[in-house]
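Enquirer: Now for the letters of each chain:
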Amino acid sequence: EAQVTQNPRYLITVTGKKLTVTCSQNMNHEYMSWYRQDPGLGLRQIYYSMNVEVTDKGDVPEGYKVSRKEKRNFPLILESPSPNQTSLYFCASSLIAGAPDTQYFGPGTRLTVL
Amino acid sequence: AQSVAQPEDQVNVAEGNPLTVKCTYSVSGNPYLFWYVQYPNRGLQFLLKYITGDNLVKGSYGFEAEFNKSQPSFHLKKPSALVSDSALYFCAVNHGGSQGNLIFGKGTKLSVKP
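From first to last, the protein sequence lines are chains R and S. Residue numbering for the first sequence follows the working numbering, beginning at 140 and increasing consecutively. Residue numbering for the second sequence follows the working numbering, beginning at -11 and increasing consecutively.
Any given hint could turn out to be false.
In the BS3-like style, the derived pairs of lysine-lysine whose C-alpha atoms are separated by at most 30 Å in a straight line are [to be verified]:
| hint | chain 1 | residue 1 | chain 2 | residue 2 |
| --- | --- | --- | --- | --- |
| 1 | R | Lys204 | S | Lys94 |
| 2 | R | Lys196 | R | Lys210 |
| 3 | S | Lys46 | R | Lys196 |
| 4 | S | Lys37 | R | Lys210 |
Rather than coming from a laboratory, the hints here were simulated on the basis of the structure.
For reference, chain S alone in the conformation it holds in the complex (with noise of 0.2 Å):
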């Protein structure tokens, strides 16, 4: 069955410091991932997404994210965290089938302090 983990419910950063937010997957066949954010009380915001080629990605807002076909895993980064970055972050896999779904992990609280 397809998944995909966020194994940490929320993450606390100090604004200036470089944050991860992580996440892995277990899909069959090649993955399409994607990493979306939720401000408070707003819909998802796509960030970036993996289709193939180089495996760091680079998205909006100064993020990337590093794909790795061992782990496997998708995980979300930014060298220098921002307060407004303070949000809810969703990694998805959509694994090719026609029903374009697709499949969210339970989502990760990224708090950045001051």
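Same shape as in the complex, but just chain R (with noise of 0.2 Å):
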């Protein structure tokens, strides 16, 4: 099944402790993002890749650290979280950065930081 993976779904942990969000594609997409989703603002990106080892922000990257190594690998790292990192994350993937291309998400990390 064409998918998105994410793992952890759940994550609870204490600010500084750093962390990383794995995210999979099996579509052999070369685009893929992180978005993170906060009441009343919508999704908003942290940081896309357009291929391997390519990567670059979006709108809101302080705080976050991705890698891009292998073509259906994106982890998203936190070195050292903050209580104002506590967000819904999605991973999402597309066959290319072109836009009129559809971008599928994965099922979402909920992240507490305490």
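Since each chain comes alone in its own frame, lean on the hints to assemble the complex.
Expert: Printed below as a string of structure tokens:
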């Protein structure tokens, strides 16, 4: 089944403890992206990747890192999480970065930073 | 600046009645418009998109949307609502930049009562 998977689905952590949220897609998509969803704000892009070893900042990149060593994986890294990073995170992918292409979303990771 | 507005936080409809979820946007150039649906504790699911051509776009689960360049708007519609349509609906626009960034509205909660 074609899908985007994320792990973990739920995570509670404490301020300053490094964490990684994994994202993987099995559709051979070139483009991958991370969004965060906050009430009343919709979804906002954190980082994106056009292809392997190519990443760039989205609209709200502060406090986050990403890497794209393999085409299928795009982990989101929080080196020193803070409470304002408590949010619902979505990974998405599309075949290419072209505007008409549909982005497919993972199930989400709900992160709570205490 | 690119923006998407969903003017209603919540829409309430009786089962069997037609429904409309509104979306307006402000984007330079030719936009590519999307609707996604989010069911509780699930990721975003793609419903439909407008790229070019016929202004009336048909999508999944009986939904359709009408592109109106002059307003400009991309309202989501369904002739006969189901209780199972109750969910959070997001309108999004991709203006064609290489970032591939989907700009989302804040979401509209649709509640369909029996």
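Enquirer: Does each hint hold? Answer for all of them.
Expert: Hint-by-hint comparison with the structure:
The hinted pair formed by Lys204 of chain R and Lys94 of chain S meets the criterion: a straight-line CA distance of about 25 Å does not exceed 30 Å. Between the alpha carbons of Lys196 of chain R and Lys210 of chain R the distance comes to roughly 18 Å, so the proposed pair stays at or under 30 Å and holds. Distance restraint check for Lys46 of chain S and Lys196 of chain R: the Cα-Cα separation of roughly 34 Å exceeds the 30 Å cut-off, and the hinted pair is therefore not satisfied. With a C-alpha separation of about 26 Å, the suggested pairing of Lys37 of chain S with Lys210 of chain R holds against the 30 Å cut-off.
In this structure, only the earlier hint numbered 3 is contradicted, and the remaining ones agree with it.
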